[in-house]
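Protein chains: 2
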Amino acid sequence: MEKQDQLLMKKQNKNLVLDMIKGRGPISRTEIAKNTGMSPTSISRIVNELHVQGFVRETELVTSGVGRKAVLVDVEKDVLFTIGIEIDKSNIKIAIVNYIGDIVVLKEIHRDHSENYEETLSKIAVNVQNMIEQNGILNEKIIGMAVGLPGYIDYKNGVVKLSDQLFWKEKTLAEDLKRITTFDVIVDNELKMKIISEYFLGRAKDVKNAVLVGVGTGIGSAIILNGEIYRGESNNAGEIGHTVIDPTGNVCNCGKIGCLATYISEGAILADSRKVKDLDSIDDVYEAFRLKEQWAINLLDRTTTYISLAISNILCLYNPEVIILSGNLFEKLPEIKEVIEKKFEIYTWEPVRETVKLVYSQLNTQGVVLGGAIQAQNTLLDLD
Amino acid sequence: MEKQDQLLMKKQNKNLVLDMIKGRGPISRTEIAKNTGMSPTSISRIVNELHVQGFVRETELVTSGVGRKAVLVDVEKDVLFTIGIEIDKSNIKIAIVNYIGDIVVLKEIHRDHSENYEETLSKIAVNVQNMIEQNGILNEKIIGMAVGLPGYIDYKNGVVKLSDQLFWKEKTLAEDLKRITTFDVIVDNELKMKIISEYFLGRAKDVKNAVLVGVGTGIGSAIILNGEIYRGESNNAGEIGHTVIDPTGNVCNCGKIGCLATYISEGAILADSRKVKDLDSIDDVYEAFRLKEQWAINLLDRTTTYISLAISNILCLYNPEVIILSGNLFEKLPEIKEVIEKKFEIYTWEPVRETVKLVYSQLNTQGVVLGGAIQAQNTLLDLD
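Here the protein sequences line up with chains A and B, keeping their order.
Per this note's numbering: the first sequence = residues 946 to 1329.
Per this note's numbering: the second sequence = residues 946 to 1329.
Be aware that a few hints might be false.
Identical copies carry no separate label here, and so any pair may be met within one copy or between two of them.
Within a straight-line C-alpha distance of at most 27 Å, the following computed BS3-like cross-link-like pairs (lysine-lysine) qualify [unchecked claim]:
id	residue 1	residue 2
1	Lys-1106	Lys-1302
2	Lys-1282	Lys-955
3	Lys-979	Lys-1101
4	Lys-1022	Lys-1150
5	Lys-1068	Lys-1114
6	Lys-1068	Lys-1150
7	Lys-1277	Lys-955
Keep in mind that the hints were calculated from the coordinates and are not lab data.
Values in this document were obtained by computation on a predicted structure and should not be read as measured data.
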């Protein structure tokens, strides 16, 4: 055990050094030693190992404080790649992402509503292979892929338990996709991947506890606590869409009465709009709001009230440092932000309001593929 | 750093061994080695150290599998003590608790509603000193005390930011109580201490994620995630009482409209009852309910609906393994449990309902003092 502890410690130290180079490189060995508290000898040994494995490279010489020349080290951004994939009702996004989180190539593919599971999977496999070849990336440098989608996901086993939007139920997605692509695959709810991207590259950097609320075809949230996704017992933590806000309200497709989602999701708003006017899509509702049609103002007034309540309530329960709002609504109707911020002031308890920063997603439409790729890297990379 | 790592590792190993003896003692050194994976030599060294420090003692000889006699070791329950204190509007509880979490002595003292901060503190100090002397406990064996109370607490600094029930605001409780008792003091919200007691001794043992919902003079919740209290940014995580459930509803003393607490707290129920009938206390409301007076049935019907909604919503957001219900309501009106459980079925989303166990507090009225004492032990004990 104590022997094993020492091996584990060595691994942790190696990870610590690599993280430091990744986060602060180019950086000198001396600087790394200073910041980690490890001895210069240990740092030299670890950096050499990382160099041999291809993770770091030496960069320029700089003059250090005492007049000697120091070589800086930085991460080798192309040492490995992961693939992030987002599957939506009418759209598939695929991104190849390098070790430092840059998107090397991003492709968007149309998806037919009627397209079945197998068709979607083989479409993904073909496109991934093409993208890899067209960009001259070696297959062995790709350590895995991640798929983000709306729905209730068994993260551990890579199974889609239920996705209303895709009409998928009990699909062994990770297994099936691995079979046809050979890559290791992780699967997660899209919002969990989105918050990962904000945590590593966006609005939740250097934050301990953050909540991301997504408003679009549905409403949901994802939570990072102490730097890790909080999942709960069955990966459903954050399912604010099925909190009940009116026990005498609308019927939800989950079989309950008064779920928040029945007032806020695009489908619900559109269905209610059609009681007033014949419309094609949610965009028409937003257009009517811009044209100051009273029914649209009323409807979006109710919507923003419920969104603000949702934000307020999630804040009371999680008391996070940052809350990130994200989703179609804010992209398509940015003027709604001001309204929500005002109602947020009205409905949120002061002690949790005072300590939170309310921000909007920075990675937006790239959040899921980027977060997925980062998550795949974090999960699948095992430093020897 | 690597040197420090090794010291830290030694400390962790020592804690691990002590925890094992505490949890499974009487136990043989061989058994400890087997369970921890550490070498028999390390175990012998650590157990000897613990013995010298007074934490463990040798118990009987038993015949081990191969016919040899083995000495078992167990923790020394009186090696140290902590003091758990609960301050309520009309009541102070003080318990001296030993190392294994047994209450050695428990005292309940009346507290006048008009009693001010200083009076309460000196009353505590006098009683604590008397209890220590009367039970022949050495002052140096007491490693600290913990105070649990209703309100918004700055846990880090031991400050009561606001307690509506006690009429305290910005009180430096830890500091003040240390000055007059000389003991180190930690301060926390009572529900956080209650869940600690359930986690170590009650309904949430061996559980990773648990939520405790307290219903009484107020409504609130406390959360344990991965074995630790989750506090959020300002120690307000779990403040379900100030989630808004009806944006056109009751005015709350926090200045907002429609907070859950305005429908569920004893004060709110009593105030609403008095619109119908002249009553002395909340007990009269429960009595009327038992006598099947229609107004009381109506009022408690609304109350149980909102309690169930609160439970449902907290489950959707935290998706815990266990939810513990606790508080006066369940103790004084146990027949209400069945009603709440039925409504819980109606209002809770299936995926989070299926994976949760709904239970009732086991430690009840002793939960706060016990949890406080355990928390003080965990926080203040520093093994050399």
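**OP:** Evaluate Lys-1022 and Lys-1150 at a C-alpha cut-off of 27 Å and name the case that applies: within, between, both or neither.
**Re:** The answer is within: 20 Å in one copy meets 27 Å, while 46 Å across copies does not.
Original post:
Should Lys-1277 paired with Lys-955 be assigned to within, between, both, or neither, using CA atoms and 27 Å as the limit?
Top reply: neither (49 Å within a copy, 57 Å between copies)
Original post:
Under a CA distance limit of 27 Å, which applies to Lys-1068 and Lys-1114: within one copy, between copies, both, or neither?
Top reply: within (19 Å within a copy, 63 Å between copies)
Subject >> Intra- versus inter-copy proximity for Lys-1101 and Lys-979 (alpha-carbon distance at most 27 Å) >> reply: For Lys-979 and Lys-1101, neither the intra-copy (38 Å) nor the inter-copy (29 Å) Cα distance is at most 27 Å.
Subject >> Status of Lys-955 relative to Lys-1282 across identical chains (alpha carbons, at most 27 Å) >> reply: The answer is neither: 48 Å in one copy and 53 Å across copies each exceed 27 Å.
**OP:** At 27 Å max between alpha carbons, let me know whether Lys-1106 reaches Lys-1302 within a copy, between copies, both or neither.
**Re:** between (34 Å within a copy, 21 Å between copies)
Original post:
How would you classify Lys-1068 and Lys-1150 at a CA-CA limit of 27 Å: within, between, both, or neither?
Top reply: neither (34 Å within a copy, 48 Å between copies)
When the structure is compared with the earlier hints, violations turn up for hints 2, 3, 6, 7 and for no others.
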